[in-house]
Each structure stands twice: as C-alpha cells, then as structure tokens.
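Undergrad: Generate the whole structure from the sequences, applying the supplied hints.
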Amino acid sequence: MGHNLGHRVFTMSVPFRKFYDISDVANDRESGPVAQRPLDEGHARKLAVYMVKGLVSAAKMRRIALGKDVPDAFDGVLRALGEQPYFSLQPLVCNIRNVPPGGTGAGGIRGVRLETKQDETAGFKVFLSERHILWVIDGQHRRHAAELAMNFLDTVRQTGRYPGKGAVLFAEKGKPVADADMQVWNEAYEAARAYATLTVEVHLGLDIDQERQLFHDLNRLGKKVDASLAFQFDGSNPITHFIKRRLSEDLGLRIIDSEVKDWSQDTGALVLKDVVAINATAFLNKGNIAGATPAIVEPRENAILELWGQIAQIPGFGDDRAKEKTVAAQPVVLKALAKIAYDLNWNNRRPDNAEELYAQFLAGIPEIEFSHENPMWRYYEMSEGERLDAGLNGLSSYLPDDGGTANRDIGAMQGGFFRFGAKHNDIFPILADMIRWKMGLPSRREG
0 MGHNLGHRVF TMSVPFRKFY DISDVANDRE SGPVAQRPLD EGHARKLAVY MVKGLVSAAK
60 MRRIALGKDV PDAFDGVLRA LGEQPYFSLQ PLVCNIRNVP PGGTGAGGIR GVRLETKQDE
120 TAGFKVFLSE RHILWVIDGQ HRRHAAELAM NFLDTVRQTG RYPGKGAVLF AEKGKPVADA
180 DMQVWNEAYE AARAYATLTV EVHLGLDIDQ ERQLFHDLNR LGKKVDASLA FQFDGSNPIT
240 HFIKRRLSED LGLRIIDSEV KDWSQDTGAL VLKDVVAINA TAFLNKGNIA GATPAIVEPR
300 ENAILELWGQ IAQIPGFGDD RAKEKTVAAQ PVVLKALAKI AYDLNWNNRR PDNAEELYAQ
360 FLAGIPEIEF SHENPMWRYY EMSEGERLDA GLNGLSSYLP DDGGTANRDI GAMQGGFFRF
420 GAKHNDIFPI LADMIRWKMG LPSRREG
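All residue numbers for the sequence shown refer to numbering that gives the first Met the number 0, where the first residue is 0 and numbers rise by one.
Please note: incorrect hints may appear among the correct ones.
[Stated by the list, open to error] No more than 30 Å apart at the CA atoms, straight line, and that leaves these computed lysine-lysine pairs for BS3-like:
hint, residue 1, residue 2
1, K45, K272
2, K243, K422
3, K17, K164
4, K45, K260
5, K164, K285
6, K124, K45
7, K243, K223
Because the hints were derived from the structure by calculation, they are not lab data.
TA: Have a look at this one:
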C-alpha cells in the first residue's frame with residue numbers, strides 16, 4: 000500500500016495468466032458500457048511477441064533457480080523470437096470503481112495490516128471480491144497482448160502446431176512443434192500461471208473526471224525517447240544487432256546519435272536512426288525495423304554487408320566533410336542503394352539472373368559519379384534539350400511518369416552542393432531508378 004502524490008494506491012503483483020480474468024478496459028462511462036478507446040491490434044501483437052519471449056525467459060530462469068539443466072531448445076526458441084539481455088513490463092494502472100475514494104468507509108475494501116515480531120508493517124492483506132474489477136486506465140494494449148500470448152500458448156500445447164492464423168506470434172506458423180520445443184512452451188505456460196507476474200498499481204474509487212485526467216497524465220506527460228538513443232539501447236532487434244556487430248565493429252562504420260546540421264562540421268559519421276532506416280529498406284523493404292526476426296535477417300546479412308563494404312569505397316564517403324564531397328553521404332541516396340539491394344536479392348519479381356545483376360551492382364557502386372555536379376540529380380529541372388546535352392536521353396524510360404500530382408521535387412543545388420529533399424519515401428525510389436539506368440541494370444518496370 001502506498002500514497003501516490005497523497006492518493007492511496009495498492010501496488011500488487013498478479014500472476015501473468017490471472018490478470019486478464021480479474022480486469023477489464025476502463026470504458027467511457029458517459030458513453031455507455033461498450034464505448035472503449037480504440038485498440039491498435041498491431042501494437043498489441045508486437046507486445047504479445049515480447050511477452051512470449053519474456054515467458055520463455057522466465058521459464059529458463061526458473062530452471063536455473065531450481066538448479067536444473069537448461070535444454071538447448073530454450074535458447075533456440077529465444078533466438079528464433081529475437082533474444083535480448085533483459086525483459087520487464089512497466090506497471091499497469093487500474094482503478095477499482097464503485098468504492099469510496101481511497102477504498103475506506105462504508106462499501107470500502109477490507110484490509111489487514113501484516114506485522115513483524117517487532118511490530119513493523121510487513122505488508123497488507125487486502126480482500127477483493129468478484130465485484131472489485133480492475134479497470135485498466137493505462138495498459139489496455141498490454142492486457143490484450145497478454146490474452147494473445149496465452150491464446151498462442153494454449154493453441155501450441157493443445158494442437159501441437161504453431162498457429163497459422165489468429166495468434167501468430169512465432170515464425171514457424173502452421174508447422175508442427177518439435178518435441179524439444181514443446182517442453183519449452185509447456186514450461187512457458189507454467190511460468191505464466193505460477194512464476195511470472197505483472198505489476199499493477201491500483202487506484203481506488205476514482206470518478207469519471209479523475210480517470211480521464213489520470214489517463215491523460217500517464218500518456219501525454221512523458222517525453223518521447225530520441226530514436227537514435229532508443230536504437231542504441233535496444234538489444235532485441237536483429238537489425239540493430241547487425242549494425243552494432245557487423246557494420247560498426249567489423250566494418251568500422253562510424254555511427255553517431257545526433258545529426259550534424261552544419262555540413263562544414265560533418266565528421267563523415269552516419270546517424271544511427273538513419274542507418275537503421277537504410278537497413279530496414281535493405282533487409283525488409285520497409286521504413287522501420289518492426290517485425291524483423293533472426294529467421295529473416297540472419298540469412299541476408301552477408302549480402303547487405305557486401306553492400307556496405309562497397310558503399311565504404313565511394314570516394315569521399317566517411318571522410319571529414321563527407322556531405323560536401325559526395326551525395327552518397329546523404330541518407331536518401333543510401334536508401335536508394337538499399338532498395339536496389341533488396342529488389343535484386345529478395346523481391347518476388349526479381350529477374351532470373353538476379354544474382355549476376357547484384358554482383359554487377361556491387362561492382363558498380365564505387366564507379367558511379369556520386370558528385371554534387373552530376374547532372375542526373377537535376378533531371379527534373381532540365382528541358383528536353385538540356386537532358387539530351389547531358390547524355391540523359393535514355394533515362395526517362397526508367398523513371399515514373401512525369402505527369403499528375405506526384406512529387407518530382409527531389410532536391411536542388413544550394414551553395415554549390417546538391418541537397419536532396421526531406422520526403423525520402425518519394426525520392427529514394429526515383430534515385431534507385433536513376434542508379435539502375437546508369438549501371439545498365441534492368442528497369443524495375445521490367446520485373
């Protein structure tokens with residue numbers, strides 16, 4: 000029992016499996032019993048994967064605590080899910096309605112103080128009945144994720160197969176569960192029942208306005224973590240593992256947390272959030288690394304490491320004032336190279352000779368003119384005559400149609416340097432088309 004800024008609260012640990020049964024989502028009581036806040040199913044599913052990993056880790060730790068050997072299958076499952084050094088969930092915040100404020104008085108919650116032999120308070124034993132529902136104010140996605148995690152474990156244990164639809168939280172969807180792995184899932188289920196817990200802070204007797212205010216304060220007053228700092232601290236995603244282990248340590252790529260705005264002060268290092276986005280394109284053809292798993296990333300690492308090895312050979316790349324020496328120091332250009340790498344390796348529409356074309360692409364990277372003066376970057380600023388004079392007359396067949404309202408403002412010369420625009424998702428596919436044309440690779444429209 001505590002007093003959060005003066006208000007009495009219960010802080011308790013609830014078995015993982017039990018929390019869903021004794022809680023519900025705090026509805027908007029003025030709008031009726033079914034007016035719940037919107038639930039983001041995708042976010043809940045990501046949390047469910049995290050929880051499953053945590054339960055497997057908890058089962059492993061329980062074995063260690065009991066002095067039992069840990070079968071290799073535990074580490075195998077954790078590796079497939081995406082291992083990380085530590086697991087924990089932030090406390091869920093709930094309210095028990097229809098009791099007096101603070102839970103005292105008529106209709107309140109009965110509790111007994113537990114004392115040591117020295118008459119010191121050891122804790123409180125609180126008696127909750129079935130009517131004392133824990134209404135979740137902050138944590139509805141965690142609550143739903145816990146339900147998804149338990150549904151996954153139930154399905155695996157009952158059918159002996161990984162779910163092919165519904166609670167799909169493991170890469171081997173639809174496949175039979177190996178005997179060694181079944182032991183892991185059984186013990187993860189037992190951990191959810193009796194070992195792993197969720198921490199809950201329970202407020203007592205809040206009214207409508209107080210619930211709303213608490214929801215606002217918990218969700219709006221926190222400061223968002225800088226993306227580069229978050230990626231630096233994240234030890235769970237296989238792409239961030241690749242960046243730290245292969246690019247930074249093995250290849251020697253210099254990576255920093257914050258961008259240097261003044262190009263004259265550029266050290267040649269890349270910003271971590273940009274490196275993450277570039278590799279998300281290279282590995283997944285996505286703008287972020289959510290959903291990356293070791294099963295997807297690890298077989299692709301060597302191909303992408305080769306890509307970065309060739310990028311490092313571009314004249315001026317990684318040097319002091321690199322952005323002034325080469326446009327390849329701008330992240331949007333690297334995203335274009337990453338897009339070509341993905342398309343030639345893993346796109347379902349890649350050509351039959353894609354392996355040969357990828358080797359041609361890698362060999363050509365250091366030979367491409369990534370200078371600021373290359374007229375190719377100014378293609379959309381030129382007249383037909385200027386394009387012909389610059390030797391760009393064949394490029395149009397590679398580029399998307401120039402009509403309509405699509406963004407073709409890819410950048411401009413400023414102070415003697417070509418600066419690409421900020422709308423990377425519009426720009427890098429066009430740059431990839433230009434590079435394909437320059438290298439003699441097939442147009443993506445031929446796929």
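Undergrad: Against each hint, give a clear statement of whether it holds in the structure.
TA: Hint by hint, here is what the structure shows:
1. The straight-line distance between the Cα atoms of K45 and K272 is roughly 20 Å, inside the 30 Å bound, and the hint therefore holds.
2. Our distance criterion of 30 Å between C-alpha atoms is met by K243 and K422, whose separation comes to about 27 Å.
3. The suggested pairing of K17 with K164 holds, with an alpha-carbon distance near 25 Å, which does not exceed 30 Å.
4. For the suggested pair K45 and K260, the alpha carbons sit about 34 Å apart, so the restraint of at most 30 Å is broken.
5. At most 30 Å may separate the alpha-carbon atoms for a hinted pair to count; K164 and K285 meet this at roughly 22 Å.
6. Between K124 and K45, the direct Cα distance comes to roughly 35 Å. Violation of the 30 Å bound is thereby established for this hinted pair.
7. Restraint check: the Cα-Cα separation between K243 and K223 comes to about 23 Å, which is no more than 30 Å; the hinted pair holds.
Taken one by one, the earlier hints fail for this structure at numbers 4, 6, listed in ascending order.
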